[in-house]
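J.: For reference, the chains in residue letters:
Protein chains: 2
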Amino acid sequence: MKKYSEMTREELLSEKELLEKRYAEKKALGLKLDISRGKPSPEQLALSLPMLDLINSETENFKCENGFDIRNYGVVDGIPECRRLFGEILDAPAENVIVTGNSSLNLFYDLIAHAMCHGVPGGDAPWCECKERKLLCPAPGYDRHFAVGEYFGFKLIPIEMKNDGPNMNQVEALITDPDVKGIICVPKYSNPQGISYSAEVIERFANLSPAAKDFRIFWDNAYTVHHLDFDGEMDEIPSLLRLAEKNGKSDMVYMLGSTSKITFPTAGLAAVASSAANTADIKRMLSFQNIGPDKINQMRHVLFFKNLDGVLKHMRKQAEVIRPKFETVLTVLKEELGETGIAEWNSPKGGYFVSAELLEGTAKRTVSLCKEAGLAITGAGAVYPYGNDPGDSILRIAPTFAPVCELPQAMEIFCISAKLAAIEKLL
Amino acid sequence: MKKYSEMTREELLSEKELLEKRYAEKKALGLKLDISRGKPSPEQLALSLPMLDLINSETENFKCENGFDIRNYGVVDGIPECRRLFGEILDAPAENVIVTGNSSLNLFYDLIAHAMCHGVPGGDAPWCECKERKLLCPAPGYDRHFAVGEYFGFKLIPIEMKNDGPNMNQVEALITDPDVKGIICVPKYSNPQGISYSAEVIERFANLSPAAKDFRIFWDNAYTVHHLDFDGEMDEIPSLLRLAEKNGKSDMVYMLGSTSKITFPTAGLAAVASSAANTADIKRMLSFQNIGPDKINQMRHVLFFKNLDGVLKHMRKQAEVIRPKFETVLTVLKEELGETGIAEWNSPKGGYFVSAELLEGTAKRTVSLCKEAGLAITGAGAVYPYGNDPGDSILRIAPTFAPVCELPQAMEIFCISAKLAAIEKLL
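Line by line, the protein sequences give chains G and H.
For the first sequence, the numbering used here begins at 1 and goes up steadily by one.
For the second sequence, the numbering used here begins at 1 and goes up steadily by one.
Think of the hints as simulated: they come from the structure by calculation, not from any bench.
A hint or two may mislead.
Heads up, the list lumps identical chains together, so a pair's fine if it works in one copy or across two of them.
[What the hints assert, rightly or not] Below 20 Å or equal to it, Euclidean Cα-Cα: the simulated SDA-like pairs (lysine to any residue) are:
1) K249 x R9
2) K155 x A125
3) K425 x E17
4) K63 x D53
5) K32 x G67
6) K16 x M1
With these hints in hand, go ahead and build the complete structure from the sequences.
T.: See the structure below:
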């Protein structure tokens, strides 16, 4: 088969006719498919249900390691055994870890709100007083990260994503502006491209010398144990906190993580690992904000996993559930689009997404065609700050939530739509 | 026995000698007693343990009323059945209730942070732009409320507490200042005095006409179902939200509540009931902050209580546990201080505290004597903004956490210390 770009007008028209026929057939099925959000499937959630049995009315000992009753007030920074568990997950010393809340998004939001109202160590004013505040946003990236930045009045500056992470020349140039207060990253199996930052890129992060003394790297390591093939290739990245610590720059770092996609999105745990000064600052904030997180849920997680090894064994089971879904997505993409020359995509080794780069100017049209045929997909542009994809070409596919039997249909609709949009553009 | 104020110097000296002997005896016991914080006791916590069995690995249906999987993302405002439950507890329409987090303190903090960064309906700027912002603080009150206000840079203005609630003449006069952005209240079984606001006071709250268009009443109804005697006298107060709604002023109201002292302080639920505009505003905030609260824990509470009647039955059991403790406190206070004329105290019908008003200028000294004899008690002044009790006379007694067998000793130490401090002052 010829590439679309090499086809004559007649060949394109005839291809279009075939595609329109297939599209009409799919549409007539009245399907309701969804590959829009990175949500665990019910099969994945079921793997964590035994955790709910571990603390109950028969439990005899409700004391955590430091002697507190896990049912009562106190321990704002999280029970010691759970801080240790997250220390292993995030690759940070347990004493630099605070466990609180149920999502890293919430922690990111609260840390931004905290910096806005009170400032952070190293700064001399709350961020709200910086009227031209800016946030660097490697893009494509996570739409909800961008939304938080925009909500708090930051100017969002897109940073080019390369195969080994953000364009660090660009980052290093931009942080000479003292109004640039931070950067938000997903350093491993990134959302949506599945890119893991290289050691060299991370070393450059650990060595940044920003003009703003209160600059922060929000390092959302949301997918750190989310490998797709535990017997195959897995990405590993160095600990930004440990590297920055060596450079005397650890105040710059907030490493975030959660069990949202390890146990339950609703009833998971979140944690932040940071420098001694930041940890003290966050603990002080928490001492005003609340009188302790849900320590019963923290203990459930500790009893269920015990340590990082337990987490990895659990994630291996999750990989068994979701790997076939990723394989289906990649197989259909290859079959349908492989020879057309109108699309490229990544084959991630972990995380929750496949990112497809379509012919320029066709992403929006593709989404609208998908929708009309009963397939929900994240809106075009969502992976860019302000929803502004300059090339109108990137779409994010989230394969985990849909039943595996629905994915071939969903991906066929996706590919037919992408091809139709491309031909409309080329004609 | 004579009142201390009517004793001669010799009589006081002889009384002092007796007290010093008793004090030395208590001190020699090397006790470690604590009546400092309003914490549920282990017996109270045990009453809620069966709740933990209600969702487990055998549970078949994880759908809440609106069809969402309670294990997964979504439903930022709380599952409908739990909003209804809190609607009953707080006396507000379910559609005006949002359930999130695990303490009303956390909600208060988050709402203040939200107003600081984004402003609230009715206002035309974030509160951080109001440099002279002020918060009215009925006092004696809750130290952690004051701490949050101070942390966010509000000038705290104490409001006199009368027997039926705050001095409303003072409140009405002060809100003519547009920099007065809010007032923080515990309207029922108040912390620490156990005062329930009268219907007349609450009607005046519902009718306030503050100069600040974004003025807010933070109505922390933390003890609404915390009666001490379910067969005796119980206070009831009208719903501020419903009254304000009638006056077209419901945007002024945030009614807060939690199950921190109903189920588990660590793993309870919190809720806010407010106007339609505020509810939409909070829901929008939450849609940036997170992707749903802990719905599994919400469902646990719903299954455990079913409705307000279930909550009240549960609180009756709690009252059986804590009423003897309050009785012990009041008995010892009466025996030891009743005829001395150096102290007055309340006999609360609910809540978590007994508040004692000692001879002016003796509260700090009393606390220090208690401490020396092995009794931890909340610091003098804590119940006032900035820790500044103008009369140095109010102390808060928290009877719930200590084992009932320890309370007579603890209260004896308290009374001996108060009497010694009074005599030192009078001599």
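J.: Is it within a copy, between copies, both, or neither that the alpha carbon of K63 lies no farther than 20 Å from that of D53?
T.: both (17 Å within a copy, 19 Å between copies)
J.: Tell me, please, which holds for K16 and M1 at an alpha-carbon limit of 20 Å: within, between, both or neither?
T.: within (14 Å within a copy, 105 Å between copies)
J.: Given identical chains, is K155 near A125, meaning Cα to Cα at most 20 Å, within a copy, between copies, both, or neither?
T.: both (18 Å within a copy, 19 Å between copies)
J.: Indicate which option fits the pair K249, R9 if close means a Cα-Cα distance not exceeding 20 Å: within, between, both or neither.
T.: neither (59 Å within a copy, 66 Å between copies)
J.: When no copy is specified for K32 and G67, does a C-alpha distance of 20 Å or less occur within a copy, between copies, both, or neither?
T.: between (52 Å within a copy, 16 Å between copies)
J.: Using 20 Å as the alpha carbon limit, work out where K425 and E17 are close: within a copy, between copies, both or neither.
T.: Answer is within: at 15 Å inside a copy they meet the 20 Å cutoff, but 100 Å across does not.
When the structure is compared with the earlier hints, a violation turns up for hint 1 alone.
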